[in-house]
Amino acid sequence: MRWDVTGIGNALMDALVVLPDDALLEELGLIRGTMHPVDHDRWQEIYERIREHDVVFHSGGSCANTIATVGRLRGRAIYRGQVGDDQLGRLYGGLLEKSCGGHALRFAPGLPTGKCLSIISERDAERTMLTDLGAAVSLPDLGDFADALQQTKIAHFTGYTLLDGPMRPVVLEAMRVAGQAGARVSLDAADPFVVHGIRDVLIDTLREHTQIVFLNAEEARALTQLEEPEASCRFLANELGIRTAVVKLGARGSVVLDQGTLYQVPVYPVEARDSTGAGDAYAGGFLHGLSQGWPIERCGRLASAVAGLVVAQIGAVIQDLDALHDVLGEAA
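Take the sequence shown: its letters are residues 1408 to 1739, numbered as in my numbering.
FYI, nobody ran anything at the bench for these hints, they're computed from the structure. Only true hints are included.
Label pairs and their computed distance ranges (CB to CB):
| # | residue 1 | residue 2 | range |
| --- | --- | --- | --- |
| 1 | G1660 | K1505 | 22 to 32 Å |
| 2 | V1462 | G1436 | 17 to 27 Å |
| 3 | A1638 | Y1454 | 39 to 49 Å |
| 4 | R1449 | P1573 | 21 to 31 Å |
| 5 | D1571 | T1668 | 34 to 44 Å |
Below are the EDC-like pairs computed for lysine to aspartate or glutamate, each with C-alpha atoms no more than 20 Å apart in a straight line:
| # | residue 1 | residue 2 |
| --- | --- | --- |
| 6 | K1505 | D1729 |
| 7 | K1505 | D1493 |
| 8 | K1505 | D1727 |
For each residue, glycine too, the CB sits at the ideal point set by N, CA and C.
Take these sequences, add in the hints, and give me the full structure.
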C-alpha cells in the first residue's frame, strides 16, 4: 500500500496565544473559558488586537491533528480537507507538508480558511476560543483523493464530519471507497455533543463502515448507554461489529477491546499543561502502530506516550520531534 493512514476532516488553522491576564478578554466582551462562534470579519478584528503578542499557528482540526501525528512518527500519511485560497490556507498547507511531506487539500476560491483562535490564560491554561468554520465544512467531493483511499491501510475520520451538512455524504462515500479497497476504517467520535446530536447516524456508520472506533468515557456512555467502559467496548464489538474499540479515560489511561481481548493501557506520566488535542494524538499513535502491524499492547503504549507529550505542551501537534522519536523507541 502507498499510504499507512489517510484522513478527511474539517481543516481549521489553529492560532494560539498566551496572555498574562484577562484584561483583553473583558475589553472584547468575551466569556472566559468558552467557545465563541464568529464570522470571518469578527475573527479578523480580534486577531488584529492580539497579533502583537506571540501568536503561534498550527494546522488543526481533529482529523488533521491525528494525520499529522502519524506523519511525525514517520508514517506515510496524507490528509484531505478544504481551506480558502488565501494566506492562511497556504500556511496551513505548508504546515501539513512539514508533518507529512505533502497534502491533498482543496483550495476554495472566495471562501476564507476556517480558523480557531485560542486565547490561553498564562495563570491556569484555560482557553477562550473563537472559531470561524469558513471553508472547512463545505468540501464538495473526494476529487483525486479517492485514489489515496484505494491505496491505504487505514482511513480515518471524525464525528464532526458526520454532522448534518455537505461533508457527511463526502465522508460516507470515502468510507465506502476505502472499505471496498480493503482498508480498515477508523472513526473518532470527537465530542460528546456530536454523539448526543447524531447518535443514530453514528451507530449506523459504525455498523456499516467502521472497524476501529475511538471514544472518551463520556462519549462511550452517550453512544452505548452503558456506564462501564469495558461494557461499552463489548457492546461496540458484539452489537455493531467493531473490531477494535478504544475508550480513553483521561488520567486513568484507556481500555482497548480488540477481537474479543481486553487490554488496559496505563497513562503516560507527564506534568500537564494543556489537554487540548491529546485524544487526536492518541489516535495518531495508535493508528500508526496498527498500520505497522504492531501488537495491541504496543499500539496502546505508543498512543498513551504520544498523548502525554501533547498534554505537556501548548498545541495539538507535537513540536519536540526528539522526544517523539524517543517514545517511538520506548514503545517497541
